[in-house]
Amino acid sequence: MSLPVIFLYIAVMALVTYLIRALPLLLVKKQLLSRFFTLFLNYIPFAVLSAMTFPAIVYACGDPLAGLLGTLAAILLALWSKNLLLSAVGASAVAYLVILFL
Amino acid sequence: MSDFNRGLRAGLPIVLGYLPVSITFGMTAASGGLPPLAAVVMSATNLTSAGQFAGSELILSAASLVELIFTMLVINFRYFFMSLSLSQKLAPGFTVGQRMLFAFGVTDEVFGVASTAEGPLTFPYTAGLVLGPLLSWTGGTALGAYCSGLLPGDLSRALGITLYAMFIAILIPNCQKSKKVFAVTAAAGILGCVFYYLPPLSQLSSGWTIIIISVLVSAVAAALECRREGARP
Chain A
32 MSLPVIFLYI AVMALVTYLI RALPLLLVKK QLLSRFFTLF LNYIPFAVLS
82 AMTFPAIVYA CGDPLAGLLG TLAAILLALW SKNLLLSAVG ASAVAYLVIL
132 FL
Chain B
661 MSDFNRGLRA GLPIVLGYLP VSITFGMTAA SGGLPPLAAV VMSATNLTSA
711 GQFAGSELIL SAASLVELIF TMLVINFRYF FMSLSLSQKL APGFTVGQRM
761 LFAFGVTDEV FGVASTAEGP LTFPYTAGLV LGPLLSWTGG TALGAYCSGL
811 LPGDLSRALG ITLYAMFIAI LIPNCQKSKK VFAVTAAAGI LGCVFYYLPP
861 LSQLSSGWTI IIISVLVSAV AAALECRREG ARP
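Protein sequences appear in the order of chains A and B. The letter at position 47 of the first sequence is residue 78 when you use my numbering, and the numbering goes up by one with no holes. The letter at position 149 of the second sequence is residue 809 when you use my numbering, and the numbering goes up by one with no holes.
Hints in this document: simulated from the structure, not taken from any laboratory. You may find that some hints are simply not true.
Going by beta-carbon spacing under 8 Å, a handful of chain B positions derived as facing chain A [as the list claims (entries may be wrong)]:
no., residue
1, Phe-762
2, Ala-763
3, Thr-776
4, Cys-853
5, Ile-870
In this text, a Cβ means the ideal position worked out from N, Cα and C, and glycines have one as well.
All chains, please: the whole structure from these sequences, using the hints.
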């Protein structure tokens, strides 16, 4: 594929992605009235994050054992410190150690 | 501290989390045959990991534009719900132009932080929140694309967990605060595994399963809570 065509494809990707993100923010101006819908939107973030994480996190490092122990580390660190950075770095460290030594 | 600085601070974990993924993306795309500049431009204009990995594969396999559009729609459709959810949380002063700018930065991680942040979202806050990750995502891609042998393989693989660990760090405190949130999180996680391992369902691409599971679980939770509220005297 030639360079100009590649950039065309990239532009199309960007446009599609942007429209998906922009339309709701541009069209939905008022606070939505329906109780159901408000609750629904309130829960969506957690459902989405969870569905994305499990079980994908187990396989995120190539080695499932590293993934499993890294997940455990992430959960424990999050429970103990509530610090985003620490949980992320700690989980990676544990995964790295597992990959190196197990 | 100004809102912009608060946003920058809030975005720091995302900045770090994006580095390994964007470097990996840059390396993978470049070694697959994508010109490094194309990879960098892609990252700067798209800001999505799953979508970019899929999109670059399609480009490298010379797929049709139609297939590209359809794939991008499916994989990225969850952003529609995320934006919809965030639209309810914007502070009163948000102009149309500011919405258009913020929309560009609605990624999984930005959504995770923004949707669980205290109080309504102001434009300066969202600007700070998005700026760091945008720079790190693009910069990391450049690093990976132009210097492929950067990280030792084992370390690069271990860092693959970073972004997911961030999701967990966002989920857990909220689960502790609310049993309902915990139930939604647990249900979605369990269904995620079910859809991954069970034969007929495992055929579905991850884009579809995420949409199906999140809509299903959230709708059921909202319906149950509505019913409970209605039944209260």
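Can you verify the interface hint for Ala-763(B): is its Cβ closer than 8 Å to any Cβ in chain A? Result: holds, 4 Å to nearest chain A Cβ.
Regarding the hint that Ile-870(B) lies at the interface with chain A, is the smallest CB-CB distance below 8 Å? holds, 5 Å
Cut-off 8 Å, beta-carbon criterion: hint that Phe-762(B) touches chain A: holds, 7 Å
Does the interface hint hold: is Cys-853(B) within less than 8 Å of chain A, judged Cβ to Cβ? Hint holds; Cys-853(B) Cβ to chain A Cβ min 5 Å, cut 8 Å.
Take the shortest C-beta to C-beta distance between Thr-776(B) and chain A; is it under 8 Å? holds, 7 Å
Comparing the model with each earlier hint shows no violations; every hint is respected.
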